[in-house]
Each structure stands twice: as structure tokens, then as C-alpha cells.
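**Q** What follows is the residue order along each chain.
Number of protein chains: 2
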Amino acid sequence: MSEDRVVRIGLLGFGTIGSSVFRLIEKEHDQILEGTGVDLQVIKVLEIDERKVPPDARPGVFTTLVADIVDDPSVDIVVEVIGGTDAAFDFVEAAMRKGKNVVTANKQLLASRGEALFNLARDQRRHLRFEAAVAGAVPIIKVMRESMIAAGLHTVYGIVNGTTNYILSRMYNEEGGYTEILAEAQRLGYAEADPTADVGGGDAAAKMAILASIAFHSRVTLGDVSYSGIEGISLDDVRYAKELGFVAKLIGAARLIDNKVSVRVFPALLPAVHPLASISGSNNAIFLQGDAIGEIMLMGPGAGGLPTATAVVSDIVSIANSGDLGFLQSCSCYRHLDLYPADEVESAFFIRVNVADQAGVLAQIASAFGEHGVSIASMIQKGRGDEAELVLITHPTREKQFFAAVERARSLVCCKSAPMTLRVL
Amino acid sequence: MSEDRVVRIGLLGFGTIGSSVFRLIEKEHDQILEGTGVDLQVIKVLEIDERKVPPDARPGVFTTLVADIVDDPSVDIVVEVIGGTDAAFDFVEAAMRKGKNVVTANKQLLASRGEALFNLARDQRRHLRFEAAVAGAVPIIKVMRESMIAAGLHTVYGIVNGTTNYILSRMYNEEGGYTEILAEAQRLGYAEADPTADVGGGDAAAKMAILASIAFHSRVTLGDVSYSGIEGISLDDVRYAKELGFVAKLIGAARLIDNKVSVRVFPALLPAVHPLASISGSNNAIFLQGDAIGEIMLMGPGAGGLPTATAVVSDIVSIANSGDLGFLQSCSCYRHLDLYPADEVESAFFIRVNVADQAGVLAQIASAFGEHGVSIASMIQKGRGDEAELVLITHPTREKQFFAAVERARSLVCCKSAPMTLRVL
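Chain order of the listed sequences is H and X. Our numbering applies: residue 25 is where the first sequence begins, and numbers increase by one. Our numbering applies: residue 25 is where the second sequence begins, and numbers increase by one.
For the record, the hints were derived by calculation from the structure and aren't laboratory data. Just to be clear, a hint being listed does not mean it is correct.
Restricting the straight-line Cα-Cα distance to at most 27 Å, the calculated cross-link-like pairs of lysine-lysine (DSSO-like) are [said to hold, decoys possible]: (1) H:51 / H:76; (2) X:51 / H:284; (3) X:266 / H:266.
Based on the provided sequences and hints, a complete structural model is requested.
**A** Following this line, the structure appears as C-alpha cells:
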């Protein structure tokens, strides 16, 4: 129906994702050509680590110099999969200034320095696409930008970090404590040597910043996201939660409240019957809620070389098939929205606290909660020698009031340790 | 970043979907303009039933003559939401011949007469888009065509009919028998006055034909789909299945087996822990499986005016934002694939049969099954006066062998009634 179009790709990085993109394009080349008329050719690959270069690589394809790619006028699309935010920023900027379209899988780059890059893309009239940056193979970016255009989205929430989901799933199955399972995940390659970004919530926060920007057409950066991780969750917490019918998950939640944006990442308890409760291992799942659609959910592998590579390839083909204009191109972040104050959000809470095993402690806590308008939905009390462990679940309340109630309760009763608190969805 | 583009729309039909499209475009007009640069204007609406025309309609917008739309050179996109396959075919054909792009929500039209229309679209270089034809607000078409381009899809299965899902969900909750709940669904507007297409599986079959065409890049028509419905399912079947840990659902399944296509719709039992088992009411859910992605799932409202209208609007904006070329345009059905013989497919089965309550009946049935290589996974036997009810679940077997075994068993034992059989996923 149309002439085949050769699209020449320069690949920055030949790690897990980069090498998967390379192999996937080789494998699916003919099928993509026949289905879309796009003739994909990876003509240059930047890789500094010579051990990663395949022994049978065609001569002249692999290079250690970024200029061999960004300055090559025959390169149409630059695929950035080196990660990090400094060199990656410079390379993406240089590529766009040289008139190239860019596909990136780099969530940290977009969440921290996206504004400059999206503005540059707009000024240069280039595509900057990033399906692979959030939720791996799950096409959440395209769905939000192109299919939800009239959906009136007001809430985006779900599980967007596979490492924490793997750890929490295994803790729920009582296969070990946090430290033990994290160490095993590192051995198996499911967690990085430095797991801070994953377990601390920073990775999920970067993804939620990107999703919120698109959902609400406003620039949300990593700095706008209030986030916490799963490091403080003990096997005891997971067990008590299970006893009460809940599953612990690291949840990202972006909401439009009174025309203000609230974007948060936090460990939360979900009822065991909640659809997100059954999302296990490294899968991601995202709910989109909007005035016109009710609720839509997308689920799939949130990581892995080959799944993530499918997202990169779909971005490449989408660029090759779209015109020079329109919403495919930019972030469409045309609105300024204020942040909704985090402590005004309403949540139900789980609290676990060790108290001296004495009569009246529960009454004192209940009265402290009552004073601040926090009502208790369910409770477990367990004796342990000379102390008791008290687990409470509250009804939804303004977070400000809840934390004031917790402070008040601590001042009234002699807590053996700081209370553990988790939000309940 | 680009000049705003006015897109003039002619709407064929002002029923549930048509009026929702009209209202949604009015409501979201400014937001869509700002986000995408597309200025949507519904300039003509065909509606023969004058009672449906809003009293405050702008003069000159509503018409009873299709020529007022397809012959109007200022109409850019025709949206066909009148349903049916005869007039709709003529109108869509006429619109494309006049150079208009077309968006349709009409699954029966595409599944039965799609080939001629897609060929015409290709020849006229027009868009023929149909996101709303399958799974309402769930953007399964765009995801499959644009995001799964390198996924190596080999299986598409799920729940694509809301009416049957509503009926089966209520039967599972023991809120009534099939006839009773169907009647109530009709009263509530969840089922049509003539429910044949829904309960008989024809609606789901049309959708699966469309999904299979896109997934496997081959023309699959309604005639290629072997389908059956839920009319034969009794409350007893649902109860026995529940007792065995299963939930009954109407399942659509398209698979690529040995480079042949198998597309089927059938009532099936799913383990209660299967993700599809919890899809209730009028929701749809579709799993995509492919070499490179593992498994992805999309879930959301499969019907309803407003949700379906979001799919129509996203198609309109996608047309306005795409160039004249590429895979957005056509069906990409470039391969011919043979059909995989239905009785060669492997399935596990549920069988319920009334037998005379006499010793040896189970042994006879088991031996008939054994002769044909069908092995039994679980069994319930219940006496009822002078007869017994026997419920069996088999291990997966070639369907040909299973049905031969059932025939053999019937010839051996005196069955009070024809056995009820359901596939088990």
C-alpha cells in the first residue's frame, strides 16, 4: 500500500535491554516489514564494554564513540538504553539537536530531567518516545496518550515495581524475612547489587511521575512525588496483615483531587480479594480510572530484556508510521497543576505497636484515636511475655489526623518501639 | 506546536453509542484541542427516529438522509454506529468512495463483510478504524496493532461478551437459574429483547474473528469461528462446577497452532483462582500471549454508551494525528493461514450425566473413556431417588477422542438424558 521505508537505528547501550532490542529486530524484521512497511535496520551500536560485543558482529556496527551515532546523518532514530541521567541526557540532547528522533527506556532521565528534553523535542519537532520506561511490555504510555484521550482520567494506581513485588510476594508466602529474600533476589538477578532505588520506592516514584504527567497533562517530576519503600516491613507485619485478610504491596497512586495533583508511592495493604493482590512476582498492573470509562486495568511483565524490547520496537515503528505532528510527539503537559497536600489525603491505616501488657492500654490508644476523629475498624492483640503486640486497622481518615492521633497515643502509653504504620487500600 | 486542525465528523446513528459520542466530543472538546491540536466538530448526524433528536439540536445538524453526510465534501470522518450489516455496509462503502475516513463500532459488519471494506480502504487510501467494535473502552485493537508489533502473538483469549458474563456471574452467586436471570437482564437492559447473538456466542465469535485477524495477520471471518453459547448451562452445572472449584465463563480463544488458526467461542470452566474467574458483570478481559512478552492482560468495561464512545473518539483523534500511510490504516491481514481442525484441539472436559443408579455404571463409563485414552481427573456422584447424577472432569485430551468416548459411554450405559459437556481451562 505504501513504499517500504528504511528506518536506520543507532542503539546506545548493549546491555540487557539493548541486546534484546537488537535480537528482536533481527528476529521480527520480515514480519514488521510485511505488516507495517517499515524496514528496521540497526546500523550502529554504542557499547564501551568490549566483552559485550558479540564475536560475530558485522564490522563497523559496534563503536565506543557516541559521535559515530549522533553525528551519523544516516541514523534516523536513536535508541537510548544506557541508563543513568548524565551521559544519557547529553546523548539524547545531542541526538535531537542533530535532528534524530529518540526512543528511551530511561525513567529516571525523564522523571528528573524530562522537561528540558520534551521542550527540546518540541522545538526540534522530533519524537521523544518512552513506552519502555514504565511497566516494561505493558503499553501503558500509548494507551494513556492515545486511547484515554477522552476518558477524563482522574486516578492512576497500581504496582509498577517488580523487585518489591517479588520480595513481598515471597514474604506473603512465608518463604523468609525481608533481608533474606532480598539477598536471594540479588543472587537471582531480580534485585540490583544496590537495591535502594527499587526497595526505597524511588524507581516506582519516577514511573508514577511519568504516568501522572501524561494522565493529567501536567509536568510532574520526581521531586513532586512523596514516596517511601518497603525496607521497614517485617515478616510480622506481613503475617498480621494476612491474618486480617490483607496482602502487602508497594503501590503507586496518582490522583487529581480538587484540580490538584497527588502522586505518592507507599507500601500498602490490600484486601486479599483486590485484583492487585494476586499480581505476583515481577508483574506490573495499573488501573486507570476516568469519568467516561469507569475503570480499566493493564497487567503484564514489568521488566526483562525481551518484554521491554517489544515496547522499544513498538515506539520505533510508531515513529516511523506517524506524521510530523500531533500528540504522538510530545508530552502534552500543557497544564500547570498545584500539588495536593500529602497530609490532606484520606487513607485507612494498619498500625502495629508493642506495648507493655497492662490493662487500659487499648482504652488509652482508642481514646487518643477518638480525640482525633480516627475510628478503629479491626484489632488483634497478642501477648508476648511481659509485653503485648497490638495491631489495629482504622477507618479512612485524613492522614494529618491519623499521624496526630499516633503521636498522641505514643505520649499516653509507654510504647516499646515506634509504631509501624501502613496504608490500607 | 502545530496549527490546530478542524476535523468535521458525520455521525451515522444517534442511539446509545452515537449520542454518547456526540456528548463526549462536546464535553472533552477543549481538552482534546489543547492536548492534541485537533478541533473536533460533529457537523451532521443521521437519525431516522425523530424522537431521538434532542429538542435543542442546532438547526441543520440532524438529518434523515445519509446523502447529507456522505456527499458533504466538508465531512472528514464518518462515524458509523447504526449497527446491522446491510445499510451499514452501503453507508461505509459510500463514505470511503467519497474519500472519507471511517470509524465504526460495528463488529458484525467487520466480521462478516470486513474483507471488502478493508480492501476498499486500502484502495482509497482511507482509514477504517474500529476500536469500539471489540471490548468497548478496552483499547485492545490499538494495543495489538501498534504495541504488540514485535510480541510474536500466538494466543488471544478471554471474556469478550458482557451479557453472558453478567448472567453467569449471577448464576454463580446462586441468584437464580438461566431463564430467570436472562429475563431480569432483559428488563434491566443488560440483555437485548432478542438475546440470541449474545447468549448463543455469535457476538463473541464476531469479536474473536476480528481479534484473530489482527493477532495473526490473517483474514478470519465469522464463518471461520466455531462457537457455542451458554443456553444449555443449568444452575446444576454451575453448582457442581463450584463444588469442584470452578467458575463458568463464556470464553473466546484464538490460537496459532502449527501455523494454523484456531478460533473458538465456548462456555468453559475456569479454576476459581484463574484471573478471568473474578471478572464479573459486564466487564471484558483479554489475555495476549506471545513469544517475547509472555502474557499481558487488559480489562475494562466491554459495553455502555460512554465507555464505548471513548474508543470511538480515540480512533477519530488517531486518524487526525496520523499520516496517510502505515499500519494504522489497514487490517494488515497479509497472510493466508489455514484453519486448525477444531476436533484436534486439546481440552479438559466437565461432563454431567444422569444415569440409572446401579452398580457398575461408573466402571462402564470409566472403561469407555479409557478405551479412547481419556483419563478422569475428578468425580462427584450424587443419588437422586432411583437415578444418580455423575459429574466428571477429565484430563486434557484431543476433543475428537473425548467426544468418541462420550458416544461410547452413552451406548454402554442407559443415560436418562444427553450428557452436558463443558470445556475446562
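**Q** Take the hints in turn and mark each one as holding or not.
**A** Here is how each hint holds up against the structure:
no. : hint          : result
1   : H:51 / H:76   : holds (20 Å)
2   : X:51 / H:284  : holds (20 Å)
3   : X:266 / H:266 : holds (25 Å)
Comparing the model with each earlier hint shows no violations; every hint is respected.
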